[in-house]
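Start from chain A and add chain B according to the hints.
Each chain is listed here by its residues.
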Amino acid sequence: MSDMILLGTRKGTIIFDCINAKWRPRPIAHTGVPVCYAARDPRDGTLWASLDHGHWGPKLSRSRDGGATWVDISSLKYPAGARYIVKYLPTPDFNPESPSSQPEYNDATVLKIWNIAFGNANQPGRLYAGTIPGGLFVSDDGGDSWELNNPLWSHHSRGGDLFNGDASTANHWNGTPASIDYGVFEPGIHSIVIDPRDPDHIYVAVSTAGVIETTDGGKSWAGRNRGMLMDYLPNPESEWGHDPHFVTNCPSQPNHLWQQNHCGVFYSDNGAQNWKKVSMPDMGVNFGFPIVADDNDGRTAWVVPARADSERMAIDGGLFVARTTDGGQSWQSFRDGLPQDNAYDIVLRHGLDVSGDCLCFGSTTGNVYLSADRGETWQCLANNFPPIYSVRFG
Amino acid sequence: MPRVEMTQHLYRFFPQLKNRTITVPAGSVAEALHAINEMAPGFTDYVLDEHGALRRHVNLCINNTIVIDKIKLSDHITDDATVYIFQSLSGG
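If you read the sequences in order, they're chains A and B.
Last residue of the first sequence: number 394 in the working numbering, and the count goes up by one each step with no gaps.
Last residue of the second sequence: number 1092 in the working numbering, and the count goes up by one each step with no gaps.
Just chain A, with the same shape it has in the complex (with noise of 0.2 Å):
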């Protein structure tokens, strides 16, 4: 298990440590800075924030001393040329036909580094990272220097290559409501999984659009929405604008992916070449963002549900956490240890973590919970914390 949870919060970074079988939070770093992710490189221990100034552009923020000191990096940027097309959100009073019918292009800038993923054992210094408006970039020495992939930003399902000219087919990547804080309405990369057995092989999820698959390193990519099953669009099994809220695999079983989808729970055994709906909405079990897969077991999945995408809270004023041990054939419900009135907290995608039979999440209303028999019981470790954005296990 580990002894180190990293919190992102609305007001900085805040790391639990465990000694003596306690968990004891620092004093926040980052004070006064939202941060959206932060997390810990296995590898070489290296600690990663990515902050979200509002004034002074989304910068990473990097720790080589366990979180004593931290030094910002501006490295990561679009490179010239980089343009995507332009998303509007649709509001009631949204006419599609106005301003143009025509594609309308816009020059990259980050607006966010939403998510960090370390590349694998044998890859010293790789780094990757999602951002909004939807590009992945790669970085081969410790986050230095970053690269934009270019085959996902130029692929097919959003223009084509708008780097030597403007768009050769439709674009399929709709914006997300996390965007909007930016004053734009542009797709986001909140979620990068990694096959521990083939570090060619790569999975991203895009919000709006859905989970993109590379098995050559990053040269191609194709969508894998097979199975996934869309509530909002007229045509609900559509190749692309699915609305994935965070999807993870086993590492043990890499084969087992997990989805929790703006639409259920979704789940493949076979690669993600198949979804399948698991949610079960009788018990709660459908709407939500944070999904986390056992280490071990690739038929084992816990999410926090939340009441509908219209109702952005907790289910009746309670809190719980629901457990599969069957691929989602059946799940169970967990409240013991978690509020149980008047809670309206809500676990936001990257809230939630697992590391052997330890869980923990946190909710935008500022608490911690944590976990330490698989998700049966629960301890809250802190009340009156900043909204919180990402917890994840060092």
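Don't read these hints as lab results, they were simulated from the structure.
Check the hints yourself; a few may be wrong.
[To be verified] Computed footprint of chain A on chain B, listed as stretches where at least three residues anywhere in the stretch have a Cβ under 8 Å from a Cβ of chain A:
1) 1034-1046
2) 1053-1059
[Said to hold, decoys possible] The calculated lysine-lysine pairs, modelled on DSS-like cross-linking and capped at a C-alpha distance of 25 Å, are:
3) K87/A x K1070/B
4) K219/A x K77/A
5) K277/A x K1070/B
6) K87/A x K77/A
7) K11/A x K22/A
8) K77/A x K1072/B
Nothing here was measured: the structure is a model prediction, and the numbers come from that model.
For every residue, glycine included, the Cβ atom is placed at its ideal position computed from N, Cα and C.
Below, chain B alone, put in the same frame as chain A:
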């Protein structure tokens, strides 16, 4: 030479600029910002985006006038001017 005043928030990232009089050569806003970047490497990454344009939630004034060209930063700073760099209230 033109003087530069900036929000104290930026001193958090560039403490070497604190408690000193900052002067830059007269010229364009772009030239002034790059002169500050020489004193405090990385400074422009905080006030400009990757295209060299002023970030959306950063304001820059020459005396009492907000700069007009926020894309190429071509507004001229005279020898006796003061440049103010501060955050917009819109950025939250």
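The hints, checked one at a time:
no.	hint	in the structure
1	1034-1046	holds (count 3)
2	1053-1059	holds (count 4)
3	K87/A x K1070/B	23 Å, holds
4	K219/A x K77/A	20 Å, holds
5	K277/A x K1070/B	49 Å, violated
6	K87/A x K77/A	21 Å, holds
7	K11/A x K22/A	24 Å, holds
8	K77/A x K1072/B	18 Å, holds
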